[in-house]
Structure formats: C-alpha cells, structure tokens
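In the order they appear, the protein sequences are chains A and B. Numbering of the first sequence is given in this note's numbering, commencing with residue 1 and proceeding in unit increments. Numbering of the second sequence is given in this note's numbering, commencing with residue 1 and proceeding in unit increments.
Possibly wrong hints are sitting among the right ones.
[Said to hold, decoys possible] Straight-line alpha carbon distances no greater than 25 Å define the calculated PhoX-like cross-link-like pairs of lysine-lysine that follow:
id, chain 1, residue 1, chain 2, residue 2
1, B, Lys54, B, Lys303
2, A, Lys201, A, Lys180
3, A, Lys323, A, Lys312
4, B, Lys342, A, Lys305
5, B, Lys323, A, Lys42
6, A, Lys305, B, Lys323
7, B, Lys216, B, Lys204
8, B, Lys342, B, Lys323
9, A, Lys255, A, Lys42
10, A, Lys305, A, Lys228
11, A, Lys323, A, Lys180
12, A, Lys255, A, Lys228
13, B, Lys283, A, Lys39
14, A, Lys180, A, Lys255
15, A, Lys39, A, Lys180
16, B, Lys342, A, Lys39
17, B, Lys54, A, Lys305
18, B, Lys204, B, Lys110
19, A, Lys305, B, Lys283
20, A, Lys201, A, Lys228
21, B, Lys323, B, Lys204
22, A, Lys42, B, Lys204
23, A, Lys305, A, Lys201
24, B, Lys185, B, Lys216
25, A, Lys100, A, Lys228
26, A, Lys312, A, Lys324
27, A, Lys312, B, Lys342
28, B, Lys276, B, Lys185
29, A, Lys305, A, Lys255
30, A, Lys42, A, Lys201
31, B, Lys110, B, Lys342
32, B, Lys216, A, Lys312
33, A, Lys312, B, Lys276
For the record, the hints were derived by calculation from the structure and aren't laboratory data. Fair warning: this is a prediction, and the values are worked out from it, not measured in the lab.
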Amino acid sequence: MATITYREALNQALAEEMERDDSVFLMGEEVAEYDGAYKVSKGLLDQFGDRRVVDSPISELGFAGLGVGAAMVGLRPVIEFMTFNFSFLALDQVINSAAKMYYMSDGQVHLPMVFRGPTGAALQLSAQHSQACQTWYLHAPGVKLVTPATPADAKGLLKAAIRDEDPVAVMEGELLYNLKGEVPDPEDGDFVIPLGLAEVKREGGDVSIITSGAMVHMALMAAGNLEKDGIDAEVLDLRSLRPLDVDAILATVQKTNRVVVLEEGWPYAGVGAQIAATIQEEAFDDLDAPVLRVTQADVPMPYAKNLEQMAKPSADRVVQACKKVLYTD
Amino acid sequence: MADTKTKEKKEGTRGGGKAELDGFSRDMLHWFLKQMLLYRRFEEKAEEAYAIGKIGGFCHLHIGQEAVAQGVVGPLRPDDYVVTSYRDHTQALAKGVDPGPVMAELYGKKGGSVGGKGGSMHIFGVDVGFMGGHGIVGGQIPLATGIGWAIQYRESDQICVCFLGDAAVNQGAFLESLNMAAVWKLPVIYVVENNEYGMGTAFKRVSALPVVDRAKGTGVPGHAVDGQDVMATWTLIERLASEVRKGGGPQYVDARTYRFRGHSMSDPVSGTYRSKKEVEEKKEEADPITILRDRLFEAKLLKQEELEEMDQAVRVIVDEAAKFADDSPLPTADDLYTHTYKEINEHGRLFLDGRDR
Ligand SMILES: Cc1ncc(C[n+]2csc(CCOP(=O)(O)OP(=O)(O)O)c2C)c(N)n1
Ligand SMILES: [Mg+2]
Numbered sequence: 001m002a003t004i005t006y007r008e009a010l011n012q013a014l015a016e017e018m019e020r021d022d023s024v025f026l027m028g029e030e031v032a033e034y035d036g037a038y039k040v041s042k043g044l045l046d047q048f049g050d051r052r053v054v055d056s057p058i059s060e061l062g063f064a065g066l067g068v069g070a071a072m073v074g075l076r077p078v079i080e081f082m083t084f085n086f087s088f089l090a091l092d093q094v095i096n097s098a099a100k101m102y103y104m105s106d107g108q109v110h111l112p113m114v115f116r117g118p119t120g121a122a123l124q125l126s127a128q129h130s131q132a133c134q135t136w137y138l139h140a141p142g143v144k145l146v147t148p149a150t151p152a153d154a155k156g157l158l159k160a161a162i163r164d165e166d167p168v169a170v171m172e173g174e175l176l177y178n179l180k181g182e183v184p185d186p187e188d189g190d191f192v193i194p195l196g197l198a199e200v201k202r203e204g205g206d207v208s209i210i211t212s213g214a215m216v217h218m219a220l221m222a223a224g225n226l227e228k229d230g231i232d233a234e235v236l237d238l239r240s241l242r243p244l245d246v247d248a249i250l251a252t253v254q255k256t257n258r259v260v261v262l263e264e265g266w267p268y269a270g271v272g273a274q275i276a277a278t279i280q281e282e283a284f285d286d287l288d289a290p291v292l293r294v295t296q297a298d299v300p301m302p303y304a305k306n307l308e309q310m311a312k313p314s315a316d317r318v319v320q321a322c323k324k325v326l327y328t329d
Numbered sequence: 001m002a003d004t005k006t007k008e009k010k011e012g013t014r015g016g017g018k019a020e021l022d023g024f025s026r027d028m029l030h031w032f033l034k035q036m037l038l039y040r041r042f043e044e045k046a047e048e049a050y051a052i053g054k055i056g057g058f059c060h061l062h063i064g065q066e067a068v069a070q071g072v073v074g075p076l077r078p079d080d081y082v083v084t085s086y087r088d089h090t091q092a093l094a095k096g097v098d099p100g101p102v103m104a105e106l107y108g109k110k111g112g113s114v115g116g117k118g119g120s121m122h123i124f125g126v127d128v129g130f131m132g133g134h135g136i137v138g139g140q141i142p143l144a145t146g147i148g149w150a151i152q153y154r155e156s157d158q159i160c161v162c163f164l165g166d167a168a169v170n171q172g173a174f175l176e177s178l179n180m181a182a183v184w185k186l187p188v189i190y191v192v193e194n195n196e197y198g199m200g201t202a203f204k205r206v207s208a209l210p211v212v213d214r215a216k217g218t219g220v221p222g223h224a225v226d227g228q229d230v231m232a233t234w235t236l237i238e239r240l241a242s243e244v245r246k247g248g249g250p251q252y253v254d255a256r257t258y259r260f261r262g263h264s265m266s267d268p269v270s271g272t273y274r275s276k277k278e279v280e281e282k283k284e285e286a287d288p289i290t291i292l293r294d295r296l297f298e299a300k301l302l303k304q305e306e307l308e309e310m311d312q313a314v315r316v317i318v319d320e321a322a323k324f325a326d327d328s329p330l331p332t333a334d335d336l337y338t339h340t341y342k343e344i345n346e347h348g349r350l351f352l353d354g355r356d357r
C-alpha cells in the first residue's frame, strides 16, 4: 500500500489503462500540455505522446461527440470535461447519442467510453460553476455513473469504467484532488473495483447515512459528531450510482431501520429521491422513521461565502436529520 | 464615482473641440487615458484584495486589455447593450456600472452589483445596458443575438455588443449565432478579445484558421484591429456601430490584445503554455496605457503632472470603491431564496427542500 492523492490515483489509473490498451486515449481541454486543469493527466503527454493525450478546443459538444464516434468503431475514449458544468453543452451527445446508441442499433453498436471530470461545488465559484451534475446523467438509461470518494476508489473505479463496455461517467470531487489515502501498489496486481458495489465506510447500528462522492467525508464528520452524543451512525458510500447497489442499501436499512440520505445536489428528482423510493418500495416494513434527505438548498449556488455555506449541505444538518429520524431532537 | 462620460461624448463628435491627434480632441484622449487607468487600478486593487482573501472563487483580470473595453464600449450610446464573458469587471465600468458596486460584488457583499450572489464572473448593470458577465465559454453569444433580435423586433435603433474570448469561437454557439444574426441582419457587433490564449492553450494549437477569418462563411463581415491601440479600436467601432445602427446587419471584430496576468487569479502568469519572456516583451511593447501615454507625450498633448493627477484621481475612485465594498454588509439568510423565481405562484410548491413546508 502506498499513500497517494486522489489526483495521483486517477493519474495511475489512466496511465495503467493506456499502457494496457492502445485503444484508450484521453481528450479534453488542457489535458496534454497543461497536465489538465486539475493536473490529473500530469506527465501523460510525455509518456504516451500527442496521439493519445489530446488537447481539444473549447468545443464540448464536438469533442464529446467525437468520443462517441470513435467508440462506435471500437476505440475506448476517455473524454475529460474540465468540470461537468461544461458538459451541459455536450448533453445532447451524452443523452441522445451515448446513452441510446446500443439500444437503438439493436446491439450493433456499443460504446466503451468514459466521460470524466470534477463535479460539485468548490469554493465560491457561484451559480454556473458549482453544481452537482449527477442527476442529469442518471436520468437516462444507457449511461453508468460512479462517484469515487477516496483515492483507492478513484483508481479502482476509473479503471473499471475504462474497461466497461458501456458509457460510464466518472464524477470526481472538485475538492478531493488533494485528498490522501492508501491505494494498493501496482506491483500487487491489477486493482479494479467492479461497478455496482457500495461500501460501508463506517459501521454503526443506530442510523444509516447513505451518500456518495465528496459527501462521504461530510457524512463521516457527522457520524463523528453523533458519536459524541452516543449515537452510532453507519455511513454507506454508494460509490456507484448506476448500477446501484440496492442490496447494500437494503442491508443497512434492515440493520438500523433509520435512514438519512445526504447528497450534494438539489432535491428534486435527485439521488436521494430515488433511494427513498427504492427503500419504501422494498423495505417499507424495516423503517422506523421516514427517510430524510439533506441536500443543497433548492436554489442556484450563490457566490457570497456566507450564503454559499447556507446553501450547501453541512455536517450539522446531517446530525440534525439523524436526530430527527431517531426522534431525539 | 467613475467618470463615465460616454453619455455626453456622443458618436461622431469625438469630444468636440479641435481635433488634435488622428481626429481626436485633447479632452477626449485624456478621457481615454483616465478611463484606462481606472480599469488598471481597479483590477490591481482586486488583485490585492484577492491576495488577502477578501475576494474568493474565480477572478479573471482584464489587465492588458483595457483599450478594448474603452475603444469598444466608449463609442456606444448609453441605451446600447453590452454582454460579455466572466472577464467582465472593466467592461462593466466602461458601460457605466459604478466601481463601488462592482468591487462590492467581488467582495460578496450586499451592496454588490448583484447583491453578492454572482461574484466576479457575473456582474450585471441592467440600468446602464450591461447585460452581464457569463461563465460558460461562449454562453453569451446567443444571448447577444437574442438581444439584437429584440432590438430589431421593437424597431429600435439601439445596438448590442457581444464580447467573447478567442477560444469561444470554437464553440458551436458561435457559428449558430453568427448565421442567425446574418440571416436576420441583427444589430450586433461581436468583438473577440483575442488575447491569443484560452487558459493555457494557445488559440493556434486548436484552431485551423485565425480569429479574423472565423466569421467567413457565416455572412458576417470580419475586421481586425490592434486592440492595444484605443484610438484605432474606437475609430473602427464608431464606424461599425453607425452602420449597424442603420440596419446594415451584424459585424465581427478580431481585437488583438494580450492578457498580462494569469488566466484567473488561480493560474500562473506564464508556464509551459507561454514563456515569461513573451509576457515581459508584451508588457514592454504592447501596454495599451503606455502606448497612448507615449503618443500623447510625443504630440505634446500630455504633461507628466497631468498624468500624475489623473492617476491620483482614479486611485481615489478605486479606494472609494474598496471602502464602499468593505463597508457594505454581508447578504443575510433572507437573501438565499430571493430571485430564484420572479413570480411566486399562488398554488403549489416551488422549493422542494422543505423550506416552505
Ligand atoms: C463551456 C466551458 N468550457 C470550459 C470552461 C473553462 N474555461 C473558462 S475560461 C476558459 C478559457 C477561455 O478562453 P477565451 O475564450 O480565449 O477567453 P479569455 O479567458 O482569454 O478571456 C476555459 C477553458 C468554461 N468556463 N466553459
Ligand atoms: Mg483568450
């Protein structure tokens, strides 16, 4: 095990997969000469050359669609969005081409490709640059989505995403790139985390906080605070939002009978809405309280620091929600 | 507050009085210089404030590109529109948004031009025709086209200027917009602030044709101008604005300029994408303020004392703006949900986070 950053873990995943398979290439804004806006692709241009590590113009619709086209005939593109906010320009290609191609070609064309980049709010970037983009990608069948929270998950999930035969969006946390964590050494063999497996990041018996991505760390913080009040919270990191590990969700519900879903984005039609629906459909009798959600305030992200803090989910709000489902508030 | 005399110095008059240099009066040229100094000092103050944490997030400075703001916005009428990207502070000042609210917006204060909700990238001043800074590269281009559409629809003789960066011409919205503007002869001038780079990518590395040629094929006539030369820029825009106003259809301008700072406050000034030497040379040879100053010195239209007085005057304006920003209160919890919807309907729930339950 080596302790490396989330950024380095992604970089290793890219390098290993590109090394393994010549059909994998990386394209996006600033990915080559500038080493990536968040330095995820550092050194890859030197290692693989400009055939495989390609700086694009600022043409999201164009290069996302180019990736789809290349995948149609067998390449394995990794399309980097500088942030997923900018992928909204490309959503037509994601939803209308990538998500539907396999189905509408009756299985003749499949798309082994990855869309990746950071999502979620960083600090004071305001409305157009701070949003959790998961829902846009989850709504349409045909695309898979993973949201790694730790360096190990980042590496293992990105490698799995590149090897998957369908389009997979890998949404990274904009504020996680410097996060350090233990990742298995490359010498110890191929480290791949299969899509569709949630992970209990903290065991607990009183209440379940179900979350993913950057919010895992907020959930762990909330769990730490709850412990001081004698409440033992379990944190379930979904890791993969489609395929969704429903078994793991049901298992934690059966264990604690109380659920708070924490998500970074807006509530309407969000991840929490889906999870709450799934739980009430499949584990209604296991619930001792309604499922509560902690989300971003239902407004665009404001710039001012104090307003931004009010708009974002917080560990405090998670604590309150947990106490509410425990009827101890 | 800012000397935004755009209003009085109407099109074609060039400030009245004797034409002393390339058809511009001395007063007019002094005004150009003073405005550009204001923009420079304003941005330097923002830079300072960012360094000590009074400003957060992304903050894109316009230092080095002041002549484009002055030369393009200057000749417009107060009722004309300007819409731009996230690099928007000086264009807002040029259009007549007061420096205090612009600075207060950067500080995230209630007195900011949008109450602290938008920050550096989203300055608005709708009362003076400044229709916003927009954060998605190219996102403002269709908006300008729509403003042009509305002007024509109402049979008004206003015009709209759309600023965009060189890298933005590679967005599909650029081509779509220029085609529509050309078909419907919309009153829009698209001005590319061609500073040669989009973040750390040289325009040339990702574009087959130069900026000036990129309107070819859309039917919008293209022009190139030295965007470090405020007089040349003003002269071109004044002429184009009058043609556009008469119904001549859209125009496209490649204003060649250079940014002296990093892409934003979070990015290095130079690096693998451009050398320190290149930046130093540009600062030496192509500083729009120095260029105008030296021409005025040469023509004996400016004295050292006058320059110092001007600089002193704009520093006072900028200090006042910073004080206004410092003194302005923070927005409060009451502001969080305001302006999400203009109309709060009588029936149904608009906010789904439990707030109005
Ligand atoms: C659609 C989109 N893609 C990427 C970005 C990130 N980004 C912000 S500015 C920028 C470079 C734009 O360069 P240019 O248009 O030349 O304007 P300049 O910054 O030089 O004024 C990039 C890539 C963005 N804001 N929007
Ligand atoms: Mg540029």
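Outcome of the hint check:
Between the alpha carbons of lysine 54/B and lysine 303/B the distance comes to roughly 36 Å, so the proposed pair goes past 25 Å and is violated. Our distance criterion of 25 Å between C-alpha atoms is met by lysine 201/A and lysine 180/A, whose separation comes to about 16 Å. For the hint pairing lysine 323/A with lysine 312/A, the CA-to-CA distance comes to about 19 Å; that is within 25 Å, so the pair holds. For the suggested pair lysine 342/B and lysine 305/A, the alpha carbons sit about 24 Å apart, so the restraint of at most 25 Å is met.
A hinted pair counts as satisfied when its Cα atoms are at most 25 Å apart, and lysine 323/B with lysine 42/A does not qualify at roughly 42 Å. At roughly 19 Å between alpha-carbon atoms, lysine 305/A and lysine 323/B fall within 25 Å of each other, so this suggested pair holds. Simply put, lysine 216/B and lysine 204/B have alpha-carbon atoms about 17 Å apart, close enough for the 25 Å limit, and the pair holds. Of the pairs offered as hints, the one joining lysine 342/B and lysine 323/B is violated, with about 32 Å between alpha carbons and a cut-off of 25 Å exceeded.
Only pairs whose Cα atoms come within 25 Å are accepted, and lysine 255/A paired with lysine 42/A is rejected, the gap being roughly 43 Å. Using a Cα cut-off of 25 Å, the hinted pair lysine 305/A and lysine 228/A is violated, with the two alpha carbons roughly 29 Å apart. Straight-line distance between C-alpha atoms of lysine 323/A and lysine 180/A comes to about 31 Å, which puts the hinted pair past the 25 Å bound. This hinted pair checks out: lysine 255/A and lysine 228/A have alpha carbons roughly 21 Å apart, not beyond 25 Å.
Taking the CA atoms of lysine 283/B and lysine 39/A, the gap is about 28 Å. The hint is violated against a cut of 25 Å. Between lysine 180/A and lysine 255/A, the direct Cα distance comes to roughly 31 Å. Violation of the 25 Å bound is thereby established for this hinted pair. Taken as a hint, the lysine 39/A and lysine 180/A pair is honoured in the structure, with Cα atoms around 15 Å apart against an allowance of 25 Å. For the hint pairing lysine 342/B with lysine 39/A, the CA-to-CA distance comes to about 41 Å; that exceeds 25 Å, so the pair is violated.
A threshold of 25 Å between alpha carbons decides the hint, and for lysine 54/B with lysine 305/A the separation of about 10 Å falls inside it, so the pair holds. With a C-alpha separation of about 42 Å, the suggested pairing of lysine 204/B with lysine 110/B is violated against the 25 Å cut-off. Between the alpha carbons of lysine 305/A and lysine 283/B the distance comes to roughly 34 Å, so the proposed pair goes past 25 Å and is violated. The suggested pairing of lysine 201/A with lysine 228/A holds, with an alpha-carbon distance near 18 Å, which does not exceed 25 Å.
Restraint check for lysine 323/B and lysine 204/B: not satisfied, since their Cα atoms lie roughly 42 Å apart, outside the 25 Å limit. The straight-line distance between the Cα atoms of lysine 42/A and lysine 204/B is roughly 22 Å, inside the 25 Å bound, and the hint therefore holds. Proximity of lysine 305/A to lysine 201/A is assessed by CA-CA distance (about 30 Å); at most 25 Å being required, the pair is judged violated. A C-alpha spacing of about 16 Å is found between lysine 185/B and lysine 216/B, which places the hinted pair at or below 25 Å, so the restraint holds.
Distance check on the hinted pair: lysine 100/A and lysine 228/A sit about 49 Å apart at the alpha-carbon level, beyond 25 Å; violated. Distance restraint check for lysine 312/A and lysine 324/A: the Cα-Cα separation of roughly 19 Å lies within the 25 Å cut-off, and the hinted pair is therefore satisfied. This hinted pair checks out: lysine 312/A and lysine 342/B have alpha carbons roughly 23 Å apart, not beyond 25 Å. At most 25 Å may separate the alpha-carbon atoms for a hinted pair to count; lysine 276/B and lysine 185/B exceed this at roughly 43 Å.
Between lysine 305/A and lysine 255/A the alpha-carbon distance is near 39 Å, which puts this suggested pair outside the 25 Å criterion. Taking the CA atoms of lysine 42/A and lysine 201/A, the gap is near 29 Å; set against the 25 Å cutoff, the hint is violated. Straight-line distance between C-alpha atoms of lysine 110/B and lysine 342/B comes to about 19 Å, which keeps the hinted pair within the 25 Å bound. With a C-alpha separation of about 46 Å, the suggested pair lysine 216/B and lysine 312/A falls outside the 25 Å cut-off, and the hint is violated.
With a C-alpha separation of about 40 Å, the suggested pairing of lysine 312/A with lysine 276/B is violated against the 25 Å cut-off.
Taken one by one, the earlier hints fail for this structure at numbers 1, 5, 8, 9, 10, 11, 13, 14, 16, 18, 19, 21, 23, 25, 28, 29, 30, 32 and 33, listed in ascending order.
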